[in-house]
Amino acid sequence: MNETASALPFDVARVRADFPILAREVGARPLVYLDNAASSQMPQSVIDRLVRYQTTEHANIHRAVHHLSQVATSEYEAARKTLQRFINAREDREIIFTSGTTDAINLVTHGWGRKFVGAGDEIVLTVLEHHSNIVPWQMLAAEKGATIKVVPIDDAGELRVDAYEALFSDRTRIVALGHVSNALGSVNPVRRMIEVAHARGVPVLLDGAQAVPHLAVDVQALDCDFYAFSGHKMCGPTGIGVLYGRAALLEAMQPFKGGGDMIHTVTFEKTTYNTIPHKFEAGTPPIAAAIGLGAAAEYLSSIGMAAIGAHEHALLRYATERLDELPGVRIVGTARQKAAVLSFVLEGIHPHDVGTLLNEEGVAVRTGHHCAQPLMKRLGVSATSRASFAFYNTLAEVDALVAGIRSVQKVFG
Amino acid sequence: MTADPKALYQEVILDHNRKPRNFGRLAHPSHQAEGLNPLCGDHLHVTLELGADDKVAAIAFDGESCAICKASASMMTSAVKGRSRDDAEALGREFVDMACGRIAAADAARIGRLAVFSGISELPMRVKCAILPWHTLQAAFDAVPTASTEADDDPMHTPIGDA
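Read top to bottom, the protein sequences are chains P and G.
Every letter in the first sequence is one number past the one before it in the working numbering, and letter 260, counting from 1, is 260.
Add 1000 to a position in the second sequence, counting from 1, and you land on the number used in the working numbering.
It should be emphasised that the hints constitute simulated quantities derived from the structure, not laboratory data.
Fair warning: there could be bad hints in the mix.
As the list claims (entries may be wrong) - Pair by pair, the computed Cβ-Cβ distance ranges are:
no., chain 1, residue 1, chain 2, residue 2, range
1, G, 1124, P, 155, 50 to 60 Å
2, P, 25, G, 1039, 23 to 33 Å
3, P, 411, G, 1113, 12 to 22 Å
4, G, 1039, P, 165, 32 to 42 Å
5, G, 1102, P, 264, 24 to 34 Å
6, G, 1146, P, 156, 28 to 38 Å
7, G, 1101, P, 156, 25 to 35 Å
8, G, 1039, P, 330, 51 to 61 Å
As the list claims (entries may be wrong) - Partial chain G-side listing against chain P, Cβ under 10 Å, derived:
no., residue
9, 1067
10, 1085
11, 1125
12, 1129
Said to hold, decoys possible - Restricting the straight-line Cα-Cα distance to at most 25 Å, the calculated cross-link-like pairs of lysine to aspartate or glutamate (DMTMM-like) are:
no., chain 1, residue 1, chain 2, residue 2
13, P, 377, G, 1064
14, P, 410, G, 1064
15, G, 1081, G, 1097
16, P, 377, G, 1150
Predicted, not measured: the structure shown is a model, and the values here were computed from it.
Beta carbons are placed, not taken as given, at the ideal position from N, Cα and C, and that holds for glycine.
All chains, full assembly: derive it from the sequences and hints.
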C-alpha cells in the first residue's frame, strides 16, 4: 500500500469482515468489543496461518534434519524477520521471542539487571506503569539493595519531564517506562526522555504493549535500548511477545532461563551459551504463536499503522466529546497526546457495577485498577471503567457505549 | 435461572446501596475486622457488640465498595442484629453457599430477604463482592483482623518494596 492509499478514508466495514468474532452476539445483542487494551481480536488471516502451520508445517525447530523441522524452523525465523521489519530493528537477532511483555521485562531484569544493577544503584520508573513494569524491578531492587525512583504525573496524566530530569544521579542504572499508558492512554514523550537518559549514559526500556497496536514504532528512531510488547494486543495469539534489545546489550546479558536450544556445548564441567537471540530462547518455543504473530504484523502493515492511528484518533475524539456531554461522567486521563483509551468514572456508581450492567447491553469494557494500583492511588480513585478502541471499532459502537452508560445511570436512578 | 444483571440490581439492593443501614462504626466494639478485596478495591470495616447472651446487640459497617458489596453489607447488618453468634454464622454459611450456587435460595432455611442475592451465582466475577461482608463478619467473630474473598487463590502475600 502506498502513501496515498493509506491516507484514504478507512473502510471499517471491510476491516470488520476480517474478524469473525465481531459478528457474534452477547446475550441477544451484537458484541461491542471495547476491551482491546486488555486483548485484541484476531483476523481470519492469522487464524488461517495458525491452522496452516499446525496442519502442514509443524515439527520442532533448530533440531532435526528432516523436512518438517526445516520448514518449521524457516517459518519461525521468517516471523522473527517480519517482527524486525515491523519495529525497524537493525538486525533480526535483536528480536527475542518471549511469552509476552511481562516475560520480556523479566528477561531484562534477570538477564541485564542481575548482572549490572548493584547495591545503592537506582532504577527510574513512572507512576503510570503497569504492574508488569513495576514488580520485576522491585524484585530486582529487593535482591540487590537497589532503590526505585518514580517519575510523577500531572493531573491530566502527563509525565512531568522536569521532575524526571531531577531524578537522575550518578547511581541511576536504567529507566523503564511505558510508551503508552494502558490505564489512561497517555502517549509519553519517550523520544525526549530517552535523550535525557542517554545524555547521562543510562539505557532505557520501553514497555510498548499499548503502543505497538496503535502507532508505527521505529526502535531506531526512538533510539531505545529495549522495547517489549505482546502479540495478543496486536491481533496475534496469546503466549507470544517480543523483547527487542540492542545487539551489544543483549550480548552482554546473562541468560535468564537455561535449557535446550540456548547452548553451544554442554558438559558437566562447563556449558557454553548460544549466540543471540537463541541464548534467550531456552526450550521449545510457542512456534505456532510466533508464526501467528508474524502474520499479525503483516496484517497490521497491510492496513497501515498511519491509517489505523487516524481511525482510532477519530474514535477517541468522538467518544471523548460524547462522554464530556453526559452529566455525571468524568473522564480520567486528559493528556494532550492520547491513544485509543478512554477511562472514566460515573458519579456515585462503582466501576464494577458499570461493567456488569454495560455487559448486559453487549458492551465489553474493562473495570478495575487496570494493573496500575499506584496510578489509581495517585489519581484518588479505587478503579475506573475503561473503553479501549481498535481500528475495527466504529462510531456506532461509541454510540452504543454512550447509550449503555445512560442505561446504567437510569438503573441507579 | 438465567444471568440477568438487571434483575440483580433490583430496587431493594439499589435502596440499600443508596441508604445503607447501620452505616458507621461502633465506638466500643467487642469484635471488629477489615474486609478487603485488593483486586477490585472493595474494602469495608465491620464493628459489632456481642452481648453477654452471645447475641449481636449492635453492628455497623463502613467502607467503600460497589453496590453489590455495600447492599450485601447493609442487609447483613440488619439480618444478624439480635441473632446469636451461632445463628449468624449459620446464616453466613447459607448466604455464601447460595451466592456460590451450591444451594438454591429455596433450600436455605434462614435466608429470608437475602434471597435477592441469589442471582449473583450467575455472575462469577461478582460473587466475591457479595460475600466479602460475610467473610469480614466471620473474621470479626474469630478475632482475625482482616478478611479477603480473593485471598484463597492469592499465593503472593509477601509485600515487595515499601508498602
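Evaluation of the provided hints:
1. G/1124 x P/155: 50 to 60 Å: Violated: the Cβ-Cβ distance is about 36 Å, outside 50 to 60 Å.
2. P/25 x G/1039: 23 to 33 Å: 29 Å, holds
3. P/411 x G/1113: 12 to 22 Å: 20 Å, holds
4. G/1039 x P/165: 32 to 42 Å: Since the Cβ atoms of residue 1039 of chain G and residue 165 of chain P sit about 35 Å apart, the hinted range of 32 to 42 Å holds.
5. G/1102 x P/264: 24 to 34 Å: Roughly 57 Å apart at Cβ, these two residues miss the hinted range, so it is violated.
6. G/1146 x P/156: 28 to 38 Å: Between residue 1146 of chain G and residue 156 of chain P, where Cβ atoms are some 35 Å apart, the hint holds.
7. G/1101 x P/156: 25 to 35 Å: At roughly 44 Å between Cβ atoms, residue 156 of chain P and residue 1101 of chain G fall outside 25 to 35 Å, so the hint is violated.
8. G/1039 x P/330: 51 to 61 Å: For residue 1039 of chain G and residue 330 of chain P the Cβ distance comes to about 23 Å; the hint is violated.
9. 1067: This hint holds: residue 1067 of chain G lies near chain P, its Cβ roughly 5 Å from the closest one there, short of 10 Å.
10. 1085: 31 Å, violated
11. 1125: Residue 1125 of chain G check passes; min Cβ-Cβ to chain P is 8 Å, inside 10 Å.
12. 1129: 7 Å, holds
13. P/377 x G/1064: The given pair, whose Cα atoms are some 14 Å apart, holds under the 25 Å limit.
14. P/410 x G/1064: 22 Å, holds
15. G/1081 x G/1097: 21 Å, holds
16. P/377 x G/1150: 20 Å, holds
Of the numbered hints given earlier, the model fails hints 1, 5, 7, 8, 10; all others are met.
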